[in-house]
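Number of protein chains: 2
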Amino acid sequence: MNGCNNAIAFARENRERFLNEYRAFLRIESISTLAEHRQDVARTAQWVADQLHLAGVAHVAIMPTAGHPVVYGETKGPAGAPTMLVYGHYDVQPVDPVDEWVSPPFEPEVRGDYIYARGASDMKGQIFASIKAVEALSKQGPFPFTLKYLIEGEEEIGSPNLGAFIDEHHDLLQCDFVCNCDAGIHAPDVPAITYALRGLAYFELEVRGAEKDLHSGLFGGSIHNPAQALCELIAGMHDADGHVTLPGFYDKVRALDAEERAAIARLPYSDEEWKAMTGAPALWGEKGFNTLERIGARPTLEVNGMLSGFTGEGSKTVLPAKAMAKISTRLVADQEPGDVHDQLCAYLKRHCPPTVTWEVRELTHGKGAIMDRKTPAMKAASNALETVFGKEPIFKREGGSVPIVAMLQDKLGVDSVMLGFALPSDGIHGPNEKQYLPNFLRGIETYIHFMSGLGA
Amino acid sequence: MNGCNNAIAFARENRERFLNEYRAFLRIESISTLAEHRQDVARTAQWVADQLHLAGVAHVAIMPTAGHPVVYGETKGPAGAPTMLVYGHYDVQPVDPVDEWVSPPFEPEVRGDYIYARGASDMKGQIFASIKAVEALSKQGPFPFTLKYLIEGEEEIGSPNLGAFIDEHHDLLQCDFVCNCDAGIHAPDVPAITYALRGLAYFELEVRGAEKDLHSGLFGGSIHNPAQALCELIAGMHDADGHVTLPGFYDKVRALDAEERAAIARLPYSDEEWKAMTGAPALWGEKGFNTLERIGARPTLEVNGMLSGFTGEGSKTVLPAKAMAKISTRLVADQEPGDVHDQLCAYLKRHCPPTVTWEVRELTHGKGAIMDRKTPAMKAASNALETVFGKEPIFKREGGSVPIVAMLQDKLGVDSVMLGFALPSDGIHGPNEKQYLPNFLRGIETYIHFMSGLGA
Numbered sequence: 001m002n003g004c005n006n007a008i009a010f011a012r013e014n015r016e017r018f019l020n021e022y023r024a025f026l027r028i029e030s031i032s033t034l035a036e037h038r039q040d041v042a043r044t045a046q047w048v049a050d051q052l053h054l055a056g057v058a059h060v061a062i063m064p065t066a067g068h069p070v071v072y073g074e075t076k077g078p079a080g081a082p083t084m085l086v087y088g089h090y091d092v093q094p095v096d097p098v099d100e101w102v103s104p105p106f107e108p109e110v111r112g113d114y115i116y117a118r119g120a121s122d123m124k125g126q127i128f129a130s131i132k133a134v135e136a137l138s139k140q141g142p143f144p145f146t147l148k149y150l151i152e153g154e155e156e157i158g159s160p161n162l163g164a165f166i167d168e169h170h171d172l173l174q175c176d177f178v179c180n181c182d183a184g185i186h187a188p189d190v191p192a193i194t195y196a197l198r199g200l201a202y203f204e205l206e207v208r209g210a211e212k213d214l215h216s217g218l219f220g221g222s223i224h225n226p227a228q229a230l231c232e233l234i235a236g237m238h239d240a241d242g243h244v245t246l247p248g249f250y251d252k253v254r255a256l257d258a259e260e261r262a263a264i265a266r267l268p269y270s271d272e273e274w275k276a277m278t279g280a281p282a283l284w285g286e287k288g289f290n291t292l293e294r295i296g297a298r299p300t301l302e303v304n305g306m307l308s309g310f311t312g313e314g315s316k317t318v319l320p321a322k323a324m325a326k327i328s329t330r331l332v333a334d335q336e337p338g339d340v341h342d343q344l345c346a347y348l349k350r351h352c353p354p355t356v357t358w359e360v361r362e363l364t365h366g367k368g369a370i371m372d373r374k375t376p377a378m379k380a381a382s383n384a385l386e387t388v389f390g391k392e393p394i395f396k397r398e399g400g401s402v403p404i405v406a407m408l409q410d411k412l413g414v415d416s417v418m419l420g421f422a423l424p425s426d427g428i429h430g431p432n433e434k435q436y437l438p439n440f441l442r443g444i445e446t447y448i449h450f451m452s453g454l455g456a
Numbered sequence: 001m002n003g004c005n006n007a008i009a010f011a012r013e014n015r016e017r018f019l020n021e022y023r024a025f026l027r028i029e030s031i032s033t034l035a036e037h038r039q040d041v042a043r044t045a046q047w048v049a050d051q052l053h054l055a056g057v058a059h060v061a062i063m064p065t066a067g068h069p070v071v072y073g074e075t076k077g078p079a080g081a082p083t084m085l086v087y088g089h090y091d092v093q094p095v096d097p098v099d100e101w102v103s104p105p106f107e108p109e110v111r112g113d114y115i116y117a118r119g120a121s122d123m124k125g126q127i128f129a130s131i132k133a134v135e136a137l138s139k140q141g142p143f144p145f146t147l148k149y150l151i152e153g154e155e156e157i158g159s160p161n162l163g164a165f166i167d168e169h170h171d172l173l174q175c176d177f178v179c180n181c182d183a184g185i186h187a188p189d190v191p192a193i194t195y196a197l198r199g200l201a202y203f204e205l206e207v208r209g210a211e212k213d214l215h216s217g218l219f220g221g222s223i224h225n226p227a228q229a230l231c232e233l234i235a236g237m238h239d240a241d242g243h244v245t246l247p248g249f250y251d252k253v254r255a256l257d258a259e260e261r262a263a264i265a266r267l268p269y270s271d272e273e274w275k276a277m278t279g280a281p282a283l284w285g286e287k288g289f290n291t292l293e294r295i296g297a298r299p300t301l302e303v304n305g306m307l308s309g310f311t312g313e314g315s316k317t318v319l320p321a322k323a324m325a326k327i328s329t330r331l332v333a334d335q336e337p338g339d340v341h342d343q344l345c346a347y348l349k350r351h352c353p354p355t356v357t358w359e360v361r362e363l364t365h366g367k368g369a370i371m372d373r374k375t376p377a378m379k380a381a382s383n384a385l386e387t388v389f390g391k392e393p394i395f396k397r398e399g400g401s402v403p404i405v406a407m408l409q410d411k412l413g414v415d416s417v418m419l420g421f422a423l424p425s426d427g428i429h430g431p432n433e434k435q436y437l438p439n440f441l442r443g444i445e446t447y448i449h450f451m452s453g454l455g456a
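Residue numbers (our numbering), protein chains in the order written: chain S, 1 to 456; chain E, 1 to 456.
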């Protein structure tokens, strides 16, 4: 425990430097989905590798994939000691709508207790806190466990090359469990550990009418407007009670048992706070479930984007040739993402009229996961959170998707401890993403306590 | 008639020069709706004024409005002679989707019998043909009628300042009838005169949910997705039989009588050709009416554009804060465009759920019109078409809107002769807009015969 206390002291002494390095990390525009940022993504990988090296990780390598590279690190512990693989990603989401950012997304700005930047919360802040914990601990002597790092650059585009990477480096990545830092807690002072994640299946649906855009006066009303047809199809994807209508969508959904519903009911939550946090005029959702059940335990379908015809300023009297929607589903444990593609196509075959044509492209998918809450690593994480936050963490189901968790269960046979410090109100993926700075610092200390507790 | 024959000869001798000037006209990017083209629009007005001057029009002026200027021209005829006001516009529609143009929209290219460019058909080709007819005629001696030109630069944005201009210059614009060149014929060898036009009411509808874009995994399924809500609202704007459901939408629609239905049935038309022309997989429309009735005699509602959330390449798991649609209605005689705004709002009040908010902005509107087919000017136009095309023109109802026609009826008390040579297949407002060149040349000759016939 002396090592731990000294590491905590080191982290506190180096707080300003850590924050400056965090800012530098946030300045690199590592948007993985945009081809024009390929060089920025590569620079970010190099930056992260340098940080691992600075933190005392013995072997660090930037390893190529068919897409953006993986940053790998390793420090061997004593023979027979457990092995922990820390997972994170260094890429970020695009920044549009960019004109809604108060400060530029890649010029981190501290306002009050928050730092604002794309990636501040998702997840540069989290993975960087873990690296700083490793730096603080490695100053105190050899690690009592084997530490591995796997930090990818394609999480925000669905990790298209990670599966092949894990297969190719199967032996290198062997471990007893994963610490996944791409996670959050429930509220600023409410520590939490996520034990269930939703899967994702994300599609682009295009509906076509005429061969090209036509004049809406000369042709409108004589052929089916594809924007209207798309609206009709999307409108039909939920029934009046908010259930998703894709055929078979709920077939494999695991029912919530009474014990879990009771546990969810005990979580700190109020409809009024949720309304205030989102700014929506009212809540909405699947009938028969409350908000936390809808988010954590039920599959959902969302329109993520929609585009057709003329969308500039003013008026253009065009009858569009096509209309496009990005549609994604969040899936719970036991649902197969691959099935959703078939369900969506079955829905379209049944409901799309012969007056337009449709095409579906699957953009990304990943399975949901549910973890054992009683492992030694879970216990160590729980103890660390309780020590730093002064209260026992809650165990929660997460609405978001971390497909890597299911992938690591499948490919390496290991569970993940979800340990990160993002907040639901951080605005990740949207404008003005932020990280609550006190928890960035508590995060470093939590990782120090957690790792110190692993060798015990 | 000697003057007429000499003018025809002059037009044939100067064909190459006329085509080169037409090309120069098409090269100027007079997109009235885009602020960045303001200078181009002004340059176009100057170019048109120069052409009127070159054509022998005695008094030419560029006259300011609160928006883009009007080009005015006048040549006085003998005392007691009739006065014709020629109407046209020199502005054009935007060019998106620009990547679907085979040749750049402002680099006119002749392929086969067609010239391709934005504005080739709508309506630089038409107004320019009339100006060249005036040039040919003015070489032959004084006009037997008073000629006035009113060429505006804001037709494609709904002529927001034309009403005030006409009011301000009410005396200057006095005339016995209008020749509106913003018109077309039915097929390459089927001359036609439009005697009815549809009105237009064009709106932007915005639906809002959360205050800002949110993560679709963390919030999706707990609040109403505004893109989904917009789809639900748009889907409900037509019933299963293709009727528009806005309350009161059909209240003032004038029923088609048996005689008009019979006249429409005699027009050259086939469903197969219409399908081939549009490229749509099937026809669609209001039950109880055929295509030409739907286009010419029934009001319709179209989605002209739609935008929400992430529409770039790849996937972004965002729950959008808002969704927008451009929605326009085409109206038939007796429907009041101002009523449609109220009808749309009434529909939204009735059907928009409390889980989202909505806002409607009216972007533009204009009334429909129906004209007397038996005036001397109509007769002169009919004769001219028969002389040049070798067959009697058909009289037709037009699906498009030329709100200026109703405006001139209201403000100056005069009817319009719709005389232009665009074709339904010209692709106006869309990519690869074209003009059938043989009819551009026949158009010049038709205008020559028409004007020669007026003094008689």
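In short, the hints are calculated from the structure, not lab data.
Hints are not guaranteed to be accurate.
When chains are identical, the list treats them as one kind, so a pair holds in a single copy or across two.
Stated by the list, open to error - Straight-line alpha carbon distances no greater than 25 angstroms define the calculated DSS-like cross-link-like pairs of lysine-lysine that follow:
1. LYS275 with LYS349
2. LYS374 with LYS275
3. LYS379 with LYS349
4. LYS374 with LYS139
5. LYS379 with LYS252
6. LYS411 with LYS76
7. LYS349 with LYS212
8. LYS275 with LYS252
9. LYS379 with LYS275
10. LYS76 with LYS391
11. LYS76 with LYS349
* **Up to 25 angstroms CA-CA - LYS252 versus LYS275, copy category** => neither (31 angstroms within a copy, 43 angstroms between copies)
* Asked: Is it within, between, both or neither when you check LYS379 against LYS275 at 25 angstroms Cα-Cα?
  -> Answer is neither; intra-copy 34 angstroms and inter-copy 68 angstroms both fail.
* Asked: How do LYS379 and LYS252 come out at 25 angstroms by Cα distance, when the copy is not named: within, between, both, or neither?
  -> Result: close neither inside a copy nor across copies, 31 angstroms intra and 74 angstroms inter.
* Asked: Checking LYS275 and LYS349: alpha-carbon separation at most 25 angstroms within a copy, between copies, both or neither?
  -> between (37 angstroms within a copy, 22 angstroms between copies)
* Check LYS76 against LYS391 for me: Cα-Cα at most 25 angstroms, and say if that holds within a copy, between copies, both or neither. => neither (33 angstroms within a copy, 94 angstroms between copies)
* How would you classify LYS349 and LYS212 at a CA-CA limit of 25 angstroms: within, between, both, or neither? -> within (24 angstroms within a copy, 34 angstroms between copies)
* Check LYS379 against LYS349 for me: Cα-Cα at most 25 angstroms, and say if that holds within a copy, between copies, both or neither. => Classified as neither: same-chain Cα gap 49 angstroms, cross-chain 54 angstroms, threshold 25 angstroms.
* **Homo-oligomer pair classification [LYS139, LYS374; C-alpha up to 25 angstroms]** => neither (31 angstroms within a copy, 99 angstroms between copies)
* **Alpha-carbon proximity context of LYS76 and LYS349, limit 25 angstroms** => neither (55 angstroms within a copy, 66 angstroms between copies)
* Asked: Should LYS411 paired with LYS76 be assigned to within, between, both, or neither, using CA atoms and 25 angstroms as the limit?
  -> So LYS411 and LYS76 pass the 25 angstroms test inside one copy only (22 angstroms; across, 89 angstroms).
* Copy assignment of LYS374 with LYS275, given that the CA separation must stay at most 25 angstroms -> neither (34 angstroms within a copy, 65 angstroms between copies)
In terms of the numbered hints stated before, the structure departs from hints 2, 3, 4, 5, 8, 9, 10 and 11, listed from lowest to highest.
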